[in-house]
Amino acid sequence: LLLRAMAVSPNAPTNQADCALARPVDPAMFSEIIRHIGIVKETITPTLGMRVGKYGRTTAYTEANITLLNATVNITYNTSGGRQRVARFVGQVISEAMSEGGDSGSLVVSTADRK
53 LLLRAMAVSP NAPTNQADCA LARPVDPAMF SEIIRHIGIV KETITPTLGM RVGKYGRTTA
113 YTEANITLLN ATVNITYNTS GGRQRVARFV GQVISEAMSE GGDSGSLVVS TADRK
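If you want this note's numbering, it's the position in the sequence shown, counting the first as 1, plus 52.
Calculated directly from the structure, the hints in this document are not laboratory data. As the structure is a prediction and not an experimental result, all values here were calculated from the model. Misleading hints may appear alongside valid ones.
[Unchecked claim] Simulated DEER-style distance windows between Cβ atoms:
no., residue 1, residue 2, range
1, D78, I146, 32 to 40 angstroms
2, G90, T128, 33 to 41 angstroms
3, E115, T95, 13 to 21 angstroms
4, E115, E94, 13 to 21 angstroms
C-beta atoms are modelled at their ideal positions from N, C-alpha and C, and glycine is treated no differently.
When you get a sec, could you build the whole thing from the sequences and use the hints?
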């Protein structure tokens, strides 16, 4: 069940996220536990140098340090029609490399307290 989606808008001056949140139709079919991370119950504000981790489909569990806060980045992507578009994202948190194609959507958490 899709709860909320935030689509990329190449025509907007800024984007903050490209994501979707979903709720399972039958929660009993899923576990709250993220492999190598555990259960995440709350959020925290990222800080420069914070050690973070994520579990992704391609790279499995990886960790990195946050290197930049409040970044503005331009991302080039291909549309379904094969055209290249550029979208600008603001307010982004940047870390050392920790993911590859197929990892998108992975939740990033602090390694210190799993938040």
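Tested hints:
no., hint, result
1, D78 to I146: 32 to 40 angstroms, "37 angstroms, holds"
2, G90 to T128: 33 to 41 angstroms, "35 angstroms, holds"
3, E115 to T95: 13 to 21 angstroms, "19 angstroms, holds"
4, E115 to E94: 13 to 21 angstroms, "20 angstroms, holds"
Of the numbered hints listed earlier, not one is contradicted by the structure.
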